[in-house]
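> Could you build all of it, start to finish, from the sequences and the hints given here?
Protein chains in written order, with the UniProt record's numbering: chain A, 1 to 442; chain B, 1 to 337.
Hints are not guaranteed to be accurate.
Reference listing, derived: stretches of chain A covered by chain B, where coverage requires no fewer than 3 residues with Cβ under 8 Å from a Cβ of chain B [as the list claims (entries may be wrong)]:
(1) 51 to 58
(2) 396 to 410
One side only, chain B facing chain A, incomplete, derived with CB under 7 Å [what the hints assert, rightly or not]:
(3) A104
(4) A302
(5) P317
Hint data in this document are derived by calculation from the structure and do not stem from the laboratory. Even glycine gets a Cβ: it sits at the ideal position worked out from N, Cα and C.
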Amino acid sequence: MALSLGWHIVLACFGVAFPSMILVLHWRGVHRDDAVALTLAHRWATVSAVLFAIGAVSGTVLSFEMGLLWPGLMGPFGDVLGLPFALEGLAFFTEAIFLGIYLYGWGRLPPRVHLLMLVPMAVAGVVGTFCVVAVNAWMNAPAGFRVVDGEVTDVDPWAAMFNDLSVLQFAHMWVAAFMVVGFTVSGVYAVGMLRGRRDARHRLGFLVPFVFASVAAVLQPVVGHVLGAGLSDRQPAKLAAFELALTTESPAPLRLGGVLVDGQVRGALDIPVLGSLIARGSLTAPVRGLETFPVEDRPPVNLTHWAFQTMVGIGSALVLLVLLFWVARRRGHDLTQRRWFLRVAAVCGPLAVVALEAGWVATEVGRQPWVVYDVLRTADAAGDNPWLWSMLTGSVVVYTGLTVGAVVVLRSMARRWREGEEDLPSPYGPQRRSVDAGEEER
Amino acid sequence: MTLPDVVAGALLVGVVAYALLGGADFGAGFYDLTAGGAQRGARLRTLIDHSIGPVWEANHVWLIYVLVMAWTAFPRAFTAVMTTLVVPLLLALLGIVLRGASFAFRKYSATVSQARLFGAVFAASSLIAPFFLGTVAGAIASGRVPAGGRGDLVASWVAPTPLIAGVLAVSTSVFLAGTFLTADAARAGWDALTERLRRRALVVGAVTGALVLGALYPISSDAPTLTEGLVGRAGPLVVLSMVAGFGALWLLLRRRFATARVAAVVAVAAVLGGWAVAQYPWLLVDQLTVAEAAGAPATLRALVLVAALAALVVAPPLVYLFRLTQTQEWSAREDHA
Numbered sequence: 001m002a003l004s005l006g007w008h009i010v011l012a013c014f015g016v017a018f019p020s021m022i023l024v025l026h027w028r029g030v031h032r033d034d035a036v037a038l039t040l041a042h043r044w045a046t047v048s049a050v051l052f053a054i055g056a057v058s059g060t061v062l063s064f065e066m067g068l069l070w071p072g073l074m075g076p077f078g079d080v081l082g083l084p085f086a087l088e089g090l091a092f093f094t095e096a097i098f099l100g101i102y103l104y105g106w107g108r109l110p111p112r113v114h115l116l117m118l119v120p121m122a123v124a125g126v127v128g129t130f131c132v133v134a135v136n137a138w139m140n141a142p143a144g145f146r147v148v149d150g151e152v153t154d155v156d157p158w159a160a161m162f163n164d165l166s167v168l169q170f171a172h173m174w175v176a177a178f179m180v181v182g183f184t185v186s187g188v189y190a191v192g193m194l195r196g197r198r199d200a201r202h203r204l205g206f207l208v209p210f211v212f213a214s215v216a217a218v219l220q221p222v223v224g225h226v227l228g229a230g231l232s233d234r235q236p237a238k239l240a241a242f243e244l245a246l247t248t249e250s251p252a253p254l255r256l257g258g259v260l261v262d263g264q265v266r267g268a269l270d271i272p273v274l275g276s277l278i279a280r281g282s283l284t285a286p287v288r289g290l291e292t293f294p295v296e297d298r299p300p301v302n303l304t305h306w307a308f309q310t311m312v313g314i315g316s317a318l319v320l321l322v323l324l325f326w327v328a329r330r331r332g333h334d335l336t337q338r339r340w341f342l343r344v345a346a347v348c349g350p351l352a353v354v355a356l357e358a359g360w361v362a363t364e365v366g367r368q369p370w371v372v373y374d375v376l377r378t379a380d381a382a383g384d385n386p387w388l389w390s391m392l393t394g395s396v397v398v399y400t401g402l403t404v405g406a407v408v409v410l411r412s413m414a415r416r417w418r419e420g421e422e423d424l425p426s427p428y429g430p431q432r433r434s435v436d437a438g439e440e441e442r
Numbered sequence: 001m002t003l004p005d006v007v008a009g010a011l012l013v014g015v016v017a018y019a020l021l022g023g024a025d026f027g028a029g030f031y032d033l034t035a036g037g038a039q040r041g042a043r044l045r046t047l048i049d050h051s052i053g054p055v056w057e058a059n060h061v062w063l064i065y066v067l068v069m070a071w072t073a074f075p076r077a078f079t080a081v082m083t084t085l086v087v088p089l090l091l092a093l094l095g096i097v098l099r100g101a102s103f104a105f106r107k108y109s110a111t112v113s114q115a116r117l118f119g120a121v122f123a124a125s126s127l128i129a130p131f132f133l134g135t136v137a138g139a140i141a142s143g144r145v146p147a148g149g150r151g152d153l154v155a156s157w158v159a160p161t162p163l164i165a166g167v168l169a170v171s172t173s174v175f176l177a178g179t180f181l182t183a184d185a186a187r188a189g190w191d192a193l194t195e196r197l198r199r200r201a202l203v204v205g206a207v208t209g210a211l212v213l214g215a216l217y218p219i220s221s222d223a224p225t226l227t228e229g230l231v232g233r234a235g236p237l238v239v240l241s242m243v244a245g246f247g248a249l250w251l252l253l254r255r256r257f258a259t260a261r262v263a264a265v266v267a268v269a270a271v272l273g274g275w276a277v278a279q280y281p282w283l284l285v286d287q288l289t290v291a292e293a294a295g296a297p298a299t300l301r302a303l304v305l306v307a308a309l310a311a312l313v314v315a316p317p318l319v320y321l322f323r324l325t326q327t328q329e330w331s332a333r334e335d336h337a
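Pasting the structure below:
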């Protein structure tokens, strides 16, 4: 489940954020008569077609897994948390339909109508993200039901959907999607520039997603901080794990790095008072330590702590980088002329993905041992499927295959674009037979 | 009609839509598989790309709709099905994943050998998915899913009715795809291809019809509750389905391709509707009724709202998409897409 989710989440980011970027380029292409922007929009749309297809199937895997792996969650709580999923399905439907119209509309629809087809896609991305994240938020802050004698009653699906955390968690994830896609796409063009391809297309292809990523990167710490502010009341054990706080300290330090070995924190760098200041907004308030929780209620500390710090660390580094870029640009220095900057920009995409996954690990592992916080333990929700391991192995094989396939196809698309083929005809199409013969001989 | 019935109806709409639209997409894999070598089959494969390319993702979402509706409205039945039929569900899932991904990969692959690999995976997995989904339906219809879930992992679906349902799901999908593709080829003006497809669709249709007749006897002894409903309350729908099925074959023979498509759709929809009517009020036959399986009323009300919203928000653009793909201008430009 974690594997499929972790894999799907990256594709979902593209589904959410990519249409907006294509919209900007396509708009520029249509309204300013910019052929370069139009070409880019067309290519990105083609890429998004491939990503959307595999995103659609990996999303299907998830909906199967919900039932296959978590009968203890879906049985009693299916009608509590189902509504946002149903609405998400609706959003996904909308996106699939308009993607179909948009992709096949190139050269067939009037330009302005064609451009409009992107708007529902972007909107559906927002709605879809909200709904899916609302379910996760519900697992962190359960609402909309009561448990009486072990039976779930008084179900109110709307209260479950709009729980205390939905909006904030959604904002955090939505902004993260723009960071991941923005940095990844601009990174691709940074690599192109490193290899000496410095035409207008590469400049535009770098700049547009980088603008999106910059805005998102600067907003993200603010959103994240607001989201984390209530954590000490909501899930104190998670906060203790984030901060690697063994004992309650007042004021608490901010602990950088460090590993918990045999009940001792090793190799951590403590910055006094800052922990209290960030987590509680006060110079003196304590951060509750892990020792105050029964052993069976503690999350895996090291993993949670490191995942959290990785996310924050990468996020902060990305903020510094984009600030550097824009300040330099204001002063008339174009950093895309510098090789070191391009190299850094190229790795920003993978870094943003790591931060995304780390953030997700932090929130999920930090909630353990609960699936639904304070209501349902993970062990009770999981099925006792005897061949869970062979299923896992099978998933690893399938996902590896999908990843390899996607990389091979996307790379060959890029190669053919560089060779000047714009329409990418299918190789088995009759009109390409002569070209194929040439390729097979090589 | 009670609230759970309304939601079950909305669920049925999703099942029928997926069987018709998703089924036709799966069925196209059969013609792709049997299209012949890279050169001989080029034109047919291009046609398939063109026919299902713009729509398969939207069609596929019906499955997600069904799953989500099922677990939200009938969580107990959903987990019972999932824990009992885990094997066919996983195999169907594998087919779905491989089909979707390799279809997208093939369209953009650069060389013939790449396209051949992805194409073979696409075509083969297209047949795996409907077969196993069919066995799931058959297992539910023949009362093999216990209400508490965790039924026998193998015996629950390796049995007459589920296996027959799997084969029927494949053959009806292939027949649907045949009528759709023949109509598309005729509209594009590819006469030789149209003839080839027409012949195959006729053969598949005849085989499907024979299968249905041959299946009656084993099903009547294996799934008594279902049979009772089929010959009783659902009788008119069964008759309608037979008439429409023969009508589709006759129209194909007469080369009335556009009308044949409608008849084929009616035939398949009537079978599925008949199945639903026949097993009502059971959701899991002999185990759990629709009313017993229903989740919280507040959730069901919300779901009815979602379904209404879907009809409002999703239906118009969906119709628009289908209309676009059927227009002359879109199909005439085969060579540039």
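> Please go over all the hints and tell whether each is borne out by the structure.
Evaluation of the provided hints:
no., hint, result
1, 51 to 58, "holds (count 6)"
2, 396 to 410, "holds (count 6)"
3, A104, "holds (3 Å)"
4, A302, "holds (5 Å)"
5, P317, "holds (5 Å)"
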